[in-house]
Amino acid sequence: MEEQNNNNQLNIELTEETAEGIYSNLAIITHSHTEFVVDFIRVMPGVPKAKVKSRIVLTPEHAKRLMKAFQDNIAKYEAMNGKIDTHEEPPFPMNFGGPTAQA
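Counted the way full-length UniProt numbering counts, the sequence shown spans residues 1 to 103.
Hints may contain errors.
[Unchecked claim] SDA-like cross-link-like pairs, simulated, lysine to any residue; straight-line CA separation at most 20 Å:
id, residue 1, residue 2
1, K68, V52
2, K51, I41
3, K64, A75
Just so you know, these hints were derived from the structure itself, not from any lab.
Quantities reported herein were computed from a predicted structural model and do not represent experimental measurements.
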């Protein structure tokens with residue numbers, strides 16, 4: 001008779017709301033000696049204010065594991081789709097202002 005090893009299985013639930021995701025085009029990373037904090041923000045052109053849409057708090061060990069997972073996935077993505085162009089400047093104006101008024 002074969003034994004089933006159910007101790008190593010993790011049942012992860014994904015709600016419909018969470019599965020929709022939250023769009024972010026800016027991430028700010030801060031850290032202390034015990035944790036890394038990643039704030040995900042949505043910035044809209046011409047709008048001088050933006051809100052944090054989601055915050056993830058990680059231990060340093062998990063932050064490093066996440067970095068390695070991103071590196072691995074980006075390498076696989078680029079192998080299939082070509083190099084990702086990261087541009088030297090942000091994809092939106094960092095002054096957040098609308099058109100400049102002229103007299």
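Cross-check of the supplied hints:
no.	hint	verdict
1	K68 with V52	violated (25 Å)
2	K51 with I41	holds (6 Å)
3	K64 with A75	holds (17 Å)
The structure shown violates just one earlier hint, number 1.
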